[in-house]
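J.: Read off the chains here:
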Amino acid sequence: MAEGPVIPEFIEETATAGLATSYMGDWQYMVGGGAAVFDCDGDARLDVFIAGGAGAAGLYRNRSDLGGNLRFEPVTGMAVEAVTGAYALDVDSDGITDLAVMRVGENHLMRGLGDGKFERANEAWGFDGGDAWSTAFAATWEAEQDWPTLAVGNYVNRKEEAFPWGSCTDNWLHRPASTDSGAGFAPPLPLTPSYCALSMLFSDWSGKGSRDLRVSNDREYYKGGQEQLWHMEAAPRLWSEAEGWKRLRIWGMGIASRDLDADGATELYLTSMADNKLQVLDPEAGGLPQYKDQALKRGITAHRPFTGGDLRPSTAWHAQFDDVNNDGRADLFVVKGNVSAMPDFAQKDPNNLFLQAADGTFVEGAEAAGVLSFATGRGGALADFNGDGALDMLVVNRGEAAQVWRNVSKGLGGFVTVDLAQTGANLDAIGAWVEVKTDAGLQRREVTVGGGHMSGILAPLHFGIGHAAQAQVRVIWPDGLASDWISANPGTAVVLQR
Amino acid sequence: MESLRLSNRRTFLKGSAALVVAALPLPALAGEDRAAVVLGTWYKLLLELIRHTATYSPPVASRAFAYLGVTVFEALATGNPALRSLSGQVRDLPPLPARDAGAHDEACVLEGALAHAMAAHFGNTGPTGQRAMQAMAGKMADVAGAGVAADVAARSRAHGVAVSEHILAWSANDGGAVIENMGFPYDYALGGEPQDWVPTSTIAVQQKPLLPGWGTNRPFAIPETGPCGLVPPLAYSEEPDSAFYAEAKEVYDISRSLTDEQKTIARFWSDDPMLSPTPPGHWVSILLQIFARDAVPVDRQAELLAMLGMAISDGFVQCWRSKYEHDLIRPVSYIRRVIDPKWEPLLITPPFPEYPSGHSTQTGAAAAVLEGLMGEGFAFDDATHEDDGLPVRSFPSFWAAAEEAAVSRIYGGIHFRAACDNGLVQGRCVAGHILGLKTRA
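Chains as they are written, first to last, in our numbering: chain R, 1 to 498; chain B, 1 to 441.
Among these hints, one or two may not hold up.
Okay, the calculated beta carbon distance ranges per label pair [claimed, not checked]:
{"id": "1", "chain 1": "R", "residue 1": "L113", "chain 2": "B", "residue 2": "A383", "range": "54 to 62 angstroms"}
{"id": "2", "chain 1": "B", "residue 1": "P240", "chain 2": "R", "residue 2": "E243", "range": "35 to 43 angstroms"}
{"id": "3", "chain 1": "B", "residue 1": "N80", "chain 2": "R", "residue 2": "W27", "range": "52 to 60 angstroms"}
{"id": "4", "chain 1": "R", "residue 1": "G399", "chain 2": "B", "residue 2": "A150", "range": "55 to 63 angstroms"}
{"id": "5", "chain 1": "R", "residue 1": "P283", "chain 2": "B", "residue 2": "D241", "range": "33 to 41 angstroms"}
{"id": "6", "chain 1": "B", "residue 1": "S242", "chain 2": "R", "residue 2": "E243", "range": "33 to 41 angstroms"}
{"id": "7", "chain 1": "R", "residue 1": "E243", "chain 2": "B", "residue 2": "A383", "range": "26 to 34 angstroms"}
{"id": "8", "chain 1": "R", "residue 1": "Q472", "chain 2": "B", "residue 2": "G123", "range": "57 to 65 angstroms"}
{"id": "9", "chain 1": "B", "residue 1": "E193", "chain 2": "R", "residue 2": "G411", "range": "37 to 45 angstroms"}
Pairs of lysine to aspartate or glutamate residues, derived as EDC-like cross-links and limited to a Cα-Cα distance of at most 16 angstroms, are as follows [unchecked claim]:
{"id": "10", "chain 1": "B", "residue 1": "K342", "chain 2": "R", "residue 2": "D282"}
{"id": "11", "chain 1": "R", "residue 1": "K223", "chain 2": "B", "residue 2": "D387"}
{"id": "12", "chain 1": "R", "residue 1": "K223", "chain 2": "R", "residue 2": "D261"}
For the chain B half of the interface with chain R, some residues (derived, Cβ under 10 angstroms), not all of them [claimed, not checked]:
{"id": "13", "residue": "T53"}
{"id": "14", "residue": "A141"}
{"id": "15", "residue": "D340"}
{"id": "16", "residue": "K342"}
{"id": "17", "residue": "R393"}
{"id": "18", "residue": "H433"}
{"id": "19", "residue": "G436"}
Hints were generated in silico from the structure; no laboratory data involved.
For glycine and all other residues, C-beta sits at the position ideal for the given N, C-alpha and C.
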């Protein structure tokens with residue numbers, strides 16, 4: 001019998017970590033509840049901004065010691081209400097990370113000032129925050145642009161009471177202002193039709209070097225809708241059936257992306273209610289966006305709780321591929337929780353931590369790894385909060401405080417981290433591909449801002465490399481130029497610059 | 001059965017006054033108009049909740065339409081000597097509670113009955129549906145009670161609630177009240193023979209078929225056993241010169257040369273659960289559009305909704321009884337096994353056995369009942385899916401619509417022809433039992 005994946009070991013440190021934010025509120029906060037993970041103060045430790053819904057959001061500075069217990073300290077000044085989630089990116093390319101804060105009401109772009117301080121930049125950057133129920137976000141740098149293009153996904157018209165179905169409000173595309181009008185953003189372009197987006201992602205999905213906008217939509221509210229893929233052209237347009245697009249209609253809630261087999265095409269995990277989907281590009285489709293669902297084949301339908309005795313269907317939100325046992329294979333983290341007292345769906349709905357085996361299937365490892373939770377999850381992150389090379393876990397819960405687990409595994413494989421730095425604009429090289437090669441094979445990761453469920457990470461990319469003595473690392477920059485391969489020993493923090 | 005013939009082919013007024021709550025001038029509406037608004041608006045919400053509540057697969061939806069239709073009919077029948085109660089006619093329905101002494105307002109009776117029944121049927125809907133029902137209850141209470149003396153309104157609502165409670169108690173033990181795992185059994189042994197149904201998707205919960213016990217539910221008017229006119233399917237064979245192969249080859253060949261019109265027809269009648277009001281809801285939607293177009297009196301609306309609801313509900317019970325008796329393989333499974341391993345049908349194949357076609361049986365029952373009540377050659381326009389971007393379609397008669405709905409399943413690649421043709425025949429048989437019920441004194 002083939003040896004199964006290594007089970008990592010986590011211990012929960014919620015009670016002592018200092019994260020006090022819960023995602024609160026009623027109907028308008030049944031979706032959302034994300035977190036942004038990034039370095040807000042330049043100390044190379046990953047800080048956390050957590051949505052609070054009807055309550056106050058919380059920014060926490062990471063005070064963990066290297067390899068030590070997870071400890072966070074609240075930072076004043078960011079306790080804004082009505083936040084559904086946030087994503088970190090360096091909007092103005094000044095070298096300090098900024099924050100896109102999505103809200104019920106006006107969205108905020110918060111300019112990072114360093115040392116955990118931020119200031120509102122909507123006016124300075126010409127950003128129209130609108131007045132909607134914003135529930136998705138993604139960012140990219142289009143060709144030749146100094147400023148990013150931001151996509152904001154909006155949900156149902158929250159003022160409709162008796163007949164809200166079919167009232168999905170337009171998503172917005174905030175493109176850079178023309179050079180003549182100075183820095184910042186042009187008025188938002190409506191992405192019509194819009195179908196109640198709960199996750200968006202700019203991605204070079206085919207590996208051909210062009211980034212389109214994938215949108216996962218909640219079928220509960222749209223009429224005539226489906227999942228979407230937008231060509232990012234001067235006038236954005238949808239991939240059509242004539243171009244090979246195949247209609248898919250799910251309760252789309254989150255997107256996780258990874259080129260799991262390093263073939264150049266991105267696999268997508270789409271969260272939903274009951275069955276979730278692993279979309280694998282059909283190799284016979286000639287490069288068209290046609291997918292086969294391999295979730296059942298690979299053991300990650302996650303359609304009902306794997307433990308706890310509640311057999312009703314699950315409700316999945318945030319999802320993320322990352323390697324929690326450093327064996328060189330991406331694992332899958334899925335955050336779950338009932339929408340709100342929906343009796344046909346599981347109330348005790350634990351998060352999943354699927355560990356990838358050598359044959360590409362996945363094995364549930366959450367309980368064995370010590371991260372079993374029956375709280376009502378929404379957003380989350382796998383990130384190395386204490387810098388020890390093992391990914392820790394954060395979960396944002398509805399109505400309960402966020403939870404954290406420290407990865408205390410012994411004897412895991414090695415790792416490298418890869419940080420990218422460009423000069424000029426897009427300093428973090430959003431849109432690049434990073435490749436890591438060992439004797440065990442090739443790993444490929446795209447640098448993105450977006451996806452998940454209202455949760456995102458801006459941090460050096462983490463690659464487990466198993467027991468390889470050395471790894472080869474390179475970057476394919478957003479403009480398609482590839483760096484040379486460089487060698488990295490296990491435990492190296494690689495910085496690739498140009 | 002009295003037949004009310006309404007003028008055909010009047011212009012369909014989308015969003016007519018009967019469904020526009022915000023435009024209501026309170027308290028100016030007459031009782032008949034208030035009652036029509038209450039009935040029409042609650043039913044509009046009913047179609048949405050059917051679409052947006054995860055347990056409401058088509059059979060479950062048909063059951064709700066039946067009991068809600070009977071609820072509104074009996075609520076009015078207790079105060080209208082021209083109407084004849086279904087108690088003593090449909091299976092096991094005890095006599096309805098009599099009205100208390102004193103005046104009643106029919107709009108308030110309906111409002112009380114519908115608010116109570118909707119809350120009971122959709123207690124499991126999500127937070128948005130709950131919020132919508134709360135908002136609707138408040139608005140409809142205002143509409144119904146406008147200009148009505150407080151004691152009359154209270155007495156009337158109380159009677160409506162009493163009727164709803166009575167119908168709910170009757171419905172509780174029919175076999176269809178509790179739906180687990182969205183209708184998919186946790187354990188089910190597949191047949192294992194070549195002709196037997198096998199799962200058609202990669203969705204985990206759909207590796208077992210939907211509601212295998214639904215055919216044993218208590219029906220309203222059809223016999224509790226028997227095929228109701230359905231002949232067995234063609235004998236299974238994989239031989240190219242067999243009738244069964246030819247039937248599959250027909251589906252395959254049609255799929256490879258579908259015209260735009262055929263694709264439109266397939267999608268128009270696709271009526272997928274969670275993405276539409278389902279096939280039963282499509283027929284209720286047709287009826288509501290006719291009500292709005294023709295200003296049908298409220299007592300007639302209630303009568304038609306009850307009869308249509310029972311027809312489609314008994315249609316599903318009858319059809320499911322046959323589906324699990326024959327347990328036939330779907331076209332997608334057969335064609336991939338025998339003809340073309342890469343074949344893709346236009347529509348998503350439903351997760352249960354093929355024969356007969358559920359849409360065809362319930363559509364046949366619906367069309368035949370409406371034809372019996374409203375006449376042959378009753379033309380109408382159908383804008384059910386206009387909000388979903390599908391065109392309005394026009395039909396010269398209910399049966400013409402039924403025939404199009406049936407053949408749509410062949411265009412969609414989800415049924416063989418026999419399931420559609422014979423499903424319509426079975427539906428007509430079901431309708432015959434429903435039309436035997438007396439709703440007028």
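J.: A closest beta-carbon separation below 10 angstroms is what the hint needs, so does B:A141 meet it against chain R?
T.: violated (13 angstroms)
J.: Can B:R393 be said to touch chain R, with a Cβ gap under 10 angstroms?
T.: violated (16 angstroms)
J.: Once the shortest beta carbon distance from B:D340 to chain R is found, is it less than 10 angstroms?
T.: Status violated, d = 14 angstroms.
J.: Taking 35 to 43 angstroms as the stated bounds, is the beta-carbon spacing between B:P240 and R:E243 within them?
T.: At roughly 36 angstroms between Cβ atoms, R:E243 and B:P240 fall inside 35 to 43 angstroms, so the hint holds.
J.: Is 26 to 34 angstroms a correct range for the gap between the Cβ atoms of R:E243 and B:A383?
T.: Holds, since R:E243 and B:A383 (Cβ atoms, about 30 angstroms apart) stay within the stated range.
J.: Indicate whether the distance between the beta carbons of R:P283 and B:D241 respects the range 33 to 41 angstroms.
T.: With Cβ atoms ~36 angstroms apart, the hint holds.
J.: For the hint 57 to 65 angstroms, verify it against the beta carbon of R:Q472 and that of B:G123.
T.: Cβ of R:Q472 to Cβ of B:G123: about 59 angstroms, so the range 57 to 65 angstroms holds.
J.: Quickly compare the C-alpha distance for B:K342 and R:D282 to 16 angstroms and report which way the hint goes.
T.: Roughly 12 angstroms separates the two Cα atoms, so the pair holds.
J.: May I ask you to test the hint 55 to 63 angstroms on the CB atoms belonging to R:G399 and B:A150?
T.: Taking Cβ atoms as reference, R:G399 and B:A150 lie about 40 angstroms apart, which means the hint is violated.
J.: So the hint says 37 to 45 angstroms: do the beta-carbon atoms of B:E193 and R:G411 match that?
T.: For R:G411 against B:E193, whose Cβ atoms are near 52 angstroms apart, the range 37 to 45 angstroms is violated.
J.: Take a look at whether the Cβ-Cβ distance between B:N80 and R:W27 falls inside 52 to 60 angstroms.
T.: violated (40 angstroms)
J.: Quick check: does the Cβ-Cβ distance between B:S242 and R:E243 fall within 33 to 41 angstroms?
T.: At 39 angstroms between Cβs, range holds.
Hint compliance for this structure: hints 3, 4, 9, 12, 14, 15, 17, 18, 19 are not met, and every other hint is.
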